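Enquirer: We have chain E already, so just place chain Y on it with the hints.
Chains E and Y, in that order, give the protein sequences.
Residues in the first sequence are numbered consecutively from 42, following the working numbering.
Residues in the second sequence are numbered consecutively from 18, following the working numbering.
Incorrect hints may have been included.
Pair by pair, the computed Cβ-Cβ distance ranges are [to be verified]:
| # | chain 1 | residue 1 | chain 2 | residue 2 | range |
| --- | --- | --- | --- | --- | --- |
| 1 | E | Ala-70 | Y | Ala-105 | 27 to 37 Å |
| 2 | Y | Leu-31 | E | Ile-198 | 15 to 25 Å |
| 3 | Y | Arg-68 | E | Ala-288 | 14 to 24 Å |
| 4 | E | Glu-100 | Y | Glu-64 | 41 to 51 Å |
| 5 | E | Val-253 | Y | Glu-64 | 40 to 50 Å |
| 6 | Y | Gly-28 | E | Ile-239 | 27 to 37 Å |
A short, non-exhaustive set of chain E residues, derived as facing chain Y with CB atoms under 7 Å [said to hold, decoys possible]:
| # | residue |
| --- | --- |
| 7 | Arg-164 |
| 8 | Val-166 |
| 9 | Gln-234 |
| 10 | Gly-235 |
| 11 | Ala-244 |
| 12 | Met-248 |
What the hints contain is simulated information worked out from the structure, not anything from laboratory work.
Treat the numbers as computed from the prediction; the structure is a model and nothing was measured.
Glycine included, C-beta positions come from ideal geometry on N, C-alpha and C.
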Amino acid sequence: MSPATRSSTCRRPDTMTRETATLHPRSRAITSTGVAALCLMATGLYMAATAPDEETQGEAARLLFVHVPSAITAYIALGAGLVTAVWYLIRRSPAADLVSAAAIEVGVLFTAITLLTGMIWGRFVWGVWWDWGDARMVSTAVLFFFYLGYLALRRSISDPRVRAVRCAVLGIVGFVQVPIVHYSVLWFRTLHQGPSIIRPDLANSTMDAAFVAPLGAALAAFIAILAYLVAVRVRLARLEAAVDRAASTSQPVGASVGPPSGLSV
Amino acid sequence: MNRRHVLIPAGALLAIVVGFLVWGGLTDNVVYYLTPSEAVDQRAGQEPGYRFRLGGLVEADWLRGTDDGVEFVVGDGAVSIDVVHTGAVPQLFRPGIGVVVEGAWEGDTFRSDTLLINHDEQYRAVDGEGTYQVPTAGP
Chain E
42 MSPATRSSTC RRPDTMTRET ATLHPRSRAI TSTGVAALCL MATGLYMAAT APDEETQGEA
102 ARLLFVHVPS AITAYIALGA GLVTAVWYLI RRSPAADLVS AAAIEVGVLF TAITLLTGMI
162 WGRFVWGVWW DWGDARMVST AVLFFFYLGY LALRRSISDP RVRAVRCAVL GIVGFVQVPI
222 VHYSVLWFRT LHQGPSIIRP DLANSTMDAA FVAPLGAALA AFIAILAYLV AVRVRLARLE
282 AAVDRAASTS QPVGASVGPP SGLSV
Chain Y
18 MNRRHVLIPA GALLAIVVGF LVWGGLTDNV VYYLTPSEAV DQRAGQEPGY RFRLGGLVEA
78 DWLRGTDDGV EFVVGDGAVS IDVVHTGAVP QLFRPGIGVV VEGAWEGDTF RSDTLLINHD
138 EQYRAVDGEG TYQVPTAGP
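One chain only, chain E, in its complex shape (with noise of 0.2 Å):
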């Protein structure tokens, strides 16, 4: 049942009572996520602060701890949110929706990261922060406004399911940019370097193993936090759908229903 549908439904108290106690779940699984990315993250950031200096870049090496695994983690959100807005166009169903534009939410965060920690790691190594002639950081910053401007529409339209069509659409056409963002250092002529373990000649890494270890640690951390992250930002996407349909059928006009009494958020 879509929520423009159950706003119109006449629903007695008992299960008014039902829902809002499904909207306050005391969830174990959110919780323990949330543990489990803790410490995940406290072992990385201990492999990665013990792991052995980089001959050239030497401590700014570490950075790569956190830029890697978030551009690899808002890589994965996107992906999710491809995933579910396709979900949602065959299926019309809305968890599927609020899963796709949390996970979305939640990759535009972790592709700030990446922009960021990329910018201080190229002062460092480079000696600029930025440069407007390098594909990586050019389709990078494309790809982290469009998805910005996947948020804004998301805002902007009220309809709950207008918006979800939309914003499936919208989803799943941007993610046309992770290939091309992933692929633009191999494509084209860069200052940004290309990949050292995931490149086409798969079995020459060029990282030595002792950097593997702590990446592969912080990686497993982001990915524990991007699932915490996207199941805290569905259950809150819940609530404020839940006031939303509250506000919508106090509404005299076109109201089939009495106020919605039962409803606390």
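Expert: For chain Y alone, kept in the frame of chain E given last:
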């Protein structure tokens, strides 16, 4: 679903694809940097004072710090170009590292005012050699 639902995202998709194609086409003609071989090849067709980026490896055998910059040779294995750089020298500058310099030909030397390190994808654990210093006196 009305027509706008399709048109807006289709327009966005088109904008992305066209944007990247145009931008990619631009960078294909005006590449991010020229290699020393390309720079020498294309020199005849350039106006005097034409500014471009030159990218290659700092050659190991000759390098000299100056009062306001550094002089070195940048090469790609086939062609070597003398570079006189005036301005900030990044911390990581050293023989053998990749650089991108921005500037123009002046005679047979390349006069640069922007020096960037083009670090490769190598990550090697430190072996305790200490920090590299640009030598102040050269041959």
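Enquirer: It remains to establish, for every hint, whether it holds in the given structure.
Expert: Hints, verified against the model:
1. Evaluation of the 27 to 37 Å hint for Ala-70/E and Ala-105/Y yields a failure: the beta carbon distance comes to about 52 Å.
2. Between Leu-31/Y and Ile-198/E the beta carbons are some 21 Å apart, a value that agrees with the proposed interval 15 to 25 Å.
3. At about 59 Å, the CB distance of Arg-68/Y to Ala-288/E disagrees with the hint of 14 to 24 Å.
4. The hinted window of 41 to 51 Å between Glu-100/E and Glu-64/Y holds, with their beta carbons roughly 44 Å apart.
5. For the hinted restraint 40 to 50 Å between Val-253/E and Glu-64/Y, the CB-CB distance of approximately 49 Å keeps it satisfied.
6. For Gly-28/Y and Ile-239/E, the Cβ-Cβ distance of about 33 Å falls inside the hinted range of 27 to 37 Å, so the restraint holds.
7. For Arg-164/E, the suggested interface contact is broken, since its CB lies about 9 Å from the closest CB of chain Y, more than 7 Å.
8. Annotation: Val-166/E was flagged as interfacial toward chain Y, and the flag holds, the nearest CB pair being 5 Å apart, inside 7 Å.
9. At about 4 Å, the closest approach between the beta carbon of Gln-234/E and any beta carbon in chain Y falls short of 7 Å, and the interface hint on this residue holds.
10. For Gly-235/E, the interface hint holds, since its Cβ comes within 7 Å of a Cβ in chain Y; the closest pair sits about 5 Å apart.
11. The criterion of a C-beta within 7 Å of any C-beta in chain Y is not met by Ala-244/E, whose closest approach is roughly 15 Å, and the hint is violated.
12. At a threshold of 7 Å, the smallest CB-CB gap from Met-248/E to chain Y is about 4 Å, leaving the interface hint in force.
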